[in-house]
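These protein sequence lines are chains A and B, in that order. Read in order, the letters of the first sequence correspond to residues 1 to 291 in our numbering. Read in order, the letters of the second sequence correspond to residues 1 to 521 in our numbering.
It is worth saying that the hints were derived from the structure and are not from the lab. Among the clues, some could well be false.
To be verified - Derived SDA-like pairs (lysine to any residue); straight-line CA-CA distance at most 20 Å:
id, chain 1, residue 1, chain 2, residue 2
1, B, K210, B, P228
2, B, K74, A, N199
3, A, K126, B, L188
4, A, K81, A, S169
5, B, K505, B, S403
6, A, K192, B, N194
7, B, K210, B, E235
8, B, K159, A, G73
9, B, K210, B, Y175
10, B, K159, A, K81
11, B, K56, B, P234
12, B, K445, B, Q389
13, B, K159, A, K126
14, A, K192, B, E235
15, A, K182, B, S111
16, B, K495, B, L429
17, A, K192, B, E161
18, A, K126, B, D86
19, A, K186, B, N194
Every value quoted in this text rests on a predicted model; they were computed, and no experiment measured them.
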Amino acid sequence: MYQFTSMTRICCVIFLLVFSLDIAHATDDPADEGEIIGAGAHFSWVIFNTLKADLEKKTGKKITLYGKNSMLGQGCNAGIKNALSHTHDHQRFGFVCCDLSEQEIAEKHIQVHPLALEPILILVNKENPVSDLSVEQIRDIFSGRITNWADVGGNNEPIVVITRLHCKSRPGHWKTILPSHKDFRKERLNVKSADDMINRMNAFKSAIGHIGSTWNFGDDSQVKAIRVNHIEPTAANLANGKYPFFRKLSAVTSLEPGDDITKLIKEVQTGSAFHSLTRRYQLLPLSPQQN
Amino acid sequence: MHSYRAKLIVYTCLFMVFLTGSTFYSYHYIQKVLSDESFLHLKRMSQVLISQLEYKKKELQHYCQVITNNLQLKEYLFIVTKVSNDPQPLQDMYRTQFGELPLQRHIIIGSNDKIISGKEHKDLYKVLKDRWKKLPANTFYINGDKGLELVSYHHVTYKDELTGVVAVSYSLNGYWLRQINRNTDGQLFIDYANFATTKLRDTPTLASPKTFVRNHQTFQAIQVLLRPAMTELPEVWFGLPDSDLSERLTEHRIIALSSMIIVMVIILSYGLVVIRNFNRPLSRLIELTREVTDGNFPKLEKSEKKDEFSTLTNHFADMLLALRKKQDEVNQAHAELEQTAITDSLTGLYNRRQLNDVFPKLLAQSRRNKQTVCCALIDLDHFKRINDQHGHLAGDTVLQYFSSQLISASRENDYLFRMGGEEFLILTLSELPVGMVSLAEKIRKNIEQSTVLYEDQEIHFTISSGVSCADPDMDSDASIREMLTRADTALYEAKQKGRNMVITKRIQAYTLTEARKQGQQ
């Protein structure tokens with residue numbers, strides 16, 4: 001009878017191991033290799049989508065982005081989830097439009113790469129004669145203390161408040177208007193997506209809403225952004241702190257994102273194309289240290 | 001009604017009556033079955049209609065739910081009812097989103113019972129106003145401004161708050177009715193002149209079937225109850241064209257009548273054939289039986305057929321054949337018997353009994369023909385001696401020989417008798433009585449010259465004869481008696497005178513006296 005020597009046993013084990021690994025690799029989707037996938041909130045998606053071609057050139061990798069017109073619950077959370085699914089062979093990152101708390105960052109073992117501050121536009125219908133409101137007025141309107149445009153110099157029409165209160169547990173963003181969702185007027189419309197916000201705004205002449213400045217309104221849009229305290233929602237006014245409503249757009253990665261993603265994010269953060277973008281959308285670029 | 005023929009006719013007639021009755025009954029029964037089937041078919045089709053109505057209900061409910069579940073509608077209604085009074089955005093949105101739905105009307109009512117969209121549908125509003133809050137959803141029929149409609153409403157809620165209700169409707173109009181017609185081959189009749197008398201909450205009871213006429217076509221219709229209803233509804237009837245039933249009944253009638261006539265003709269014809277085939281052989285057999293009773297046994301042709309009458313006829317034919325054979329045998333036996341009765345068995349000559357039969361006829365003939373009946377009584381001389389000497393058998397031989405001599409010597413119209421023992425008689429009718437004398441003499445001579453051989457024995461013998469003639473004036477009995485007496489006297493005389501001779505007594509041609517002539521006339 002053949003006697004199995006120790007060496008033979010070791011060789012068998014090694015062979016089996018290699019074979020298993022080979023099988024494991026063989027089940028991976030070959031299409032994912034060489035591709036970087038990003039997902040997350042719409043408003044950050046706009047940045048990456050606008051710079052996509054440039055980023056692909058820089059990284060030499062195909063970039064696929066998800067997040068256009070993301071719905072509530074499928075924006076920032078999807079971005080974080082995508083970032084956490086990153087592996088060496090499947091490069092993933094996320095993008096968020098909310099400021100993530102330290103606690104969340106620590107708990108989820110992620111890295112946040114700030115990109116820019118985005119002004120939150122206060123929108124009214126184009127037919128609304130009101131073009132300027134004070135912060136207090138805005139807050140009173142959104143909280144329900146003011147319910148008629150006539151009280152703020154507009155037509156005698158009840159104000160239709162439309163909100164999109166996403167990421168309720170995260171700081172910043174709409175919380176610059178009112179700190180808690182409970183503070184907002186009960187009789188309001190809370191839409192699920194930015195697209196819905198604009199649709200409702202288009203429909204209701206006496207509506208007031210909010211949206212990030214990176215939104216592409218289109219030529220047939222019936223809404224306009226108003227000044228707040230006579231201040232335009234610009235990057236400069238964000239920088240000087242005059243414009244009160246804003247949110248932070250960031251990229252999110254795992255703790256070890258890989259070189260490609262790091263390069264990609266750095267390019268976004270520092271590249272000239274990004275700066276051009278920021279000018280277009282009145283974004284205030286953030287340096288990598290501004291977390 | 002004694003004859004089987006009559007009975008057969010009666011049976012055939014009864015059968016035809018039965019057949020006619022059966023046909024009419026079956027026609028009536030089929031008519032009823034067709035009518036019932038037609039009604040059942042109508043009911044089934046009306047069930048199809050009801051299922052289609054139910055399908056329409058579900059479809060309407062589905063559309064209503066689609067509308068009321070629409071988030072945008074919910075939001076808009078919320079805004080309109082809670083914040084803004086401007087219904088335009090909601091109306092515009094509804095038109096854009098749901099304007100293409102195949103619905104007749106819609107109405108949106110806010111939680112404050114105000115019409116937000118569909119203000120022109122006041123009748124609909126009136127129906128919904130006090131009802132829509134009681135149930136979150138419902139579907140029912142109404143008779144509105146647009147006629148009979150199916151309405152479905154559903155609450156609209158936003159963030160668990162009731163903001164209003166959306167109601168949509170289908171009209172049971174021409175297009176929908178035409179669809180019904182296509183699917184069921186029937187037609188819907190909405191009788192706006194008559195409204196369902198039952199109250200909305202009552203248990204519905206159907207009215208009796210009715211007849212409608214449309215486009216010159218008659219329809220049998222049953223009522224269709226539309227439930228639930230929120231207003232009094234016109235009577236709705238579903239009908240199927242009568243033409244199909246009528247056609248089928250007409251077709252059946254034609255078939256039934258034609259079949260009945262054909263069958264009756266066949267039965268009649270066959271009945272006549274049967275009667276004829278029954279009657280003919282029976283009549284023939286009756287006739288044959290009558291003939292047989294009359295003593296005739298006609299020939300009867302046998303039949304090739306195998307039926308009972310043919311078998312009976314063939315047996316009858318066999319029976320007739322047998323009877324004919326038997327009759328022949330009987331006749332032959334009778335003839336033989338008769339012959340035996342009138343002839344002498346030994347000699348074959350007539351016996352004395354036959355003389356009583358022959359003589360009267362000869363006598364009558366003699367009167368008519370003016371002839372004379374004469375006889376010659378002949379006796380064999382010493383015959384006893386021959387018997388004694390040669391035996392009775394030899395005597396018989398002698399007698400037979402003598403008879404043969406008599407026969408050969410006599411003429412055709414001579415009657416030869418053996419009177420008994422060795423006595424013989426020749427009777428004849430002639431114009432000249434002397435002819436008998438000559439005959440007697442001739443016979444005597446022949447016998448005298450002849451010899452009879454019997455067992456190598458030669459036997460000689462002679463005869464004696466007495467000849468006489470009958471008196472035509474006398475009656476037959478007296479005449480024969482008188483003639484035989486004279487002949488016997490003459491024979492006796494011949495015997496006395498030595499035998500072997502012929503003696504005559506009064507042989508003369510008698511003629512009838514005038515009295516006798518008158519008597520014969």
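The hints, checked one at a time:
Between K210/B and P228/B, the direct Cα distance comes to roughly 23 Å. Violation of the 20 Å bound is thereby established for this hinted pair. For a cut-off of 20 Å, the pair hint linking K74/B to N199/A stands: about 14 Å separates their Cα positions. For the hint linking K126/A to L188/B, the alpha-carbon distance of about 54 Å lies beyond 20 Å, and the restraint is violated. Restraint check: the Cα-Cα separation between K81/A and S169/A comes to about 16 Å, which is no more than 20 Å; the hinted pair holds.
Annotation: proposed proximity of K505/B to S403/B is violated, straight-line Cα distance about 24 Å (limit 20 Å). Taken as a hint, the K192/A and N194/B pair is broken in the structure, with Cα atoms around 54 Å apart against an allowance of 20 Å. This hinted pair checks out: K210/B and E235/B have alpha carbons roughly 11 Å apart, not beyond 20 Å. Between K159/B and G73/A the CA atoms are separated by roughly 17 Å; this keeps the pair inside 20 Å, and the hint holds.
Restraint check for K210/B and Y175/B: not satisfied, since their Cα atoms lie roughly 24 Å apart, outside the 20 Å limit. Between K159/B and K81/A, the direct Cα distance comes to roughly 29 Å. Violation of the 20 Å bound is thereby established for this hinted pair. A C-alpha spacing of about 19 Å is found between K56/B and P234/B, which places the hinted pair at or below 20 Å, so the restraint holds. The hinted pair formed by K445/B and Q389/B fails the criterion: a straight-line CA distance of about 23 Å is larger than 20 Å.
A hinted pair counts as satisfied when its Cα atoms are at most 20 Å apart, and K159/B with K126/A does not qualify at roughly 29 Å. Between the alpha carbons of K192/A and E235/B the distance comes to roughly 50 Å, so the proposed pair goes past 20 Å and is violated. A hinted pair counts as satisfied when its Cα atoms are at most 20 Å apart, and K182/A with S111/B does not qualify at roughly 24 Å. Proposed proximity of K495/B and L429/B is contradicted: the alpha carbons are some 26 Å apart, above 20 Å.
Among the hinted pairs, K192/A with E161/B is consistent with the structure: their alpha-carbon atoms are about 18 Å apart, no more than 20 Å. With a CA separation close to 17 Å, the supplied pair K126/A and D86/B stays within the 20 Å bound. Of the supplied pair hints, the one linking K186/A and N194/B is violated, its CA atoms being roughly 53 Å apart against a limit of 20 Å.
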